[in-house]
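Asker: With the hints as extra help, turn the sequences into a complete structure.
Residue 166 in our numbering sits at position 166 of the sequence shown, with consecutive numbering throughout.
In case anyone wonders, no lab produced these hints; they're calculated from the structure. We put the CB at the ideal spot given by N, CA and C, even for glycine. Take the hints with a grain of salt, since some may be wrong.
[What the hints assert, rightly or not] Below, a list of computed lysine to aspartate or glutamate pairs in the EDC-like style, where the Cα atoms sit at most 16 Å apart:
hint : residue 1 : residue 2
1    : 168       : 26
2    : 44        : 115
3    : 168       : 216
4    : 44        : 169
5    : 97        : 8
[Said to hold, decoys possible] If you anchor each label on the Cβ, the simulated ranges turn out as follows:
hint : residue 1 : residue 2 : range
6    : 226       : 65        : 21 to 29 Å
7    : 221       : 18        : 19 to 27 Å
8    : 161       : 49        : 13 to 21 Å
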Amino acid sequence: MDRPFYPEKIIQNIPVLLPYLVVTFEILIGTIIMGLILGFFLAKARLSKKIWQQRIAGFIINAFRCTPSIVMLFVIFYGLPNLFWAIFKVDINEWSKGFYVITSLSLLFSATAAEIMRSSYLAIPAGQREAALTSGLTESQAFIRIILPQAFVVSLPNLGNSAIVLLKEGSLAFTIGLVDVMGKGNLMISMNFGAYALETYIALAIIYWVLTIAFEQGFKALEKHFSKGRKSISK
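Answerer: Laid out in structure tokens, this is it:
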């Protein structure tokens, strides 16, 4: 038997779901920070002149990119406590579930971040680095002052797309019991014994649509802002 549809429930559900965006954003921010740090070292290894570093980094990146998010989450959630106990005799089963979600998504995001960083770095003409070194700058100064700002602008579109993907993949947190905005929606449906499921999912879809549009516009604004000086120089 078809269930009736109540559009007003969509509007009623949105304010109930919104407070749980705090958990969603905590996961997103933590994942981006940790993923960028890990990705930097992977990208550095991929750009290294040492073949063994390139191969190890390449293997790690391919392994992470080929692993489904849900599989990585379960491997970290169930496997990491066993690993910590076996090596350090430390019980981490009571640690926050957010730790496991951020750890698993950070590993996956680090592979994407590494490739974004590597391609952005290679997109900058090598002559600029050489000119900076010739002018008296050190390697680190040339990277921070000349290469990094330009590579950052180049990477923004891909970083924006990756952030949007992470925003949606954070919904997997509920599979291990962490209640974010998606988890709250599922709990609401369960508490109502399946009633208003369509209305709840539509409310969730609206929230994710608005966030996605906001992220897209935010990254476009960043790209436009940081590209001003670059465009003027190129002219």
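Asker: Each of the hints needs a verdict: does it hold here or not?
Answerer: Hint check results:
Distance check on the hinted pair: residue 168 and residue 26 sit about 13 Å apart at the alpha-carbon level, within 16 Å; holds. The suggested pairing of residue 44 with residue 115 holds, with an alpha-carbon distance near 10 Å, which does not exceed 16 Å. In summary, the hint linking residue 168 to residue 216 is supported, as the alpha carbons are separated by about 14 Å, within the 16 Å threshold. Proposed proximity of residue 44 and residue 169 is contradicted: the alpha carbons are some 26 Å apart, above 16 Å.
Between residue 97 and residue 8, the direct Cα distance comes to roughly 34 Å. Violation of the 16 Å bound is thereby established for this hinted pair. Between residue 226 and residue 65 the beta carbons are some 28 Å apart, a value that agrees with the proposed interval 21 to 29 Å. Judged by the Cβ atoms, the range 19 to 27 Å given for residue 221 and residue 18 holds: they are separated by roughly 23 Å. Checking the proposed 13 to 21 Å range against residue 161 and residue 49 shows it is violated: the Cβ atoms sit about 30 Å from each other.
Going through the hint list in order, the structure does not satisfy hints 4, 5 and 8.
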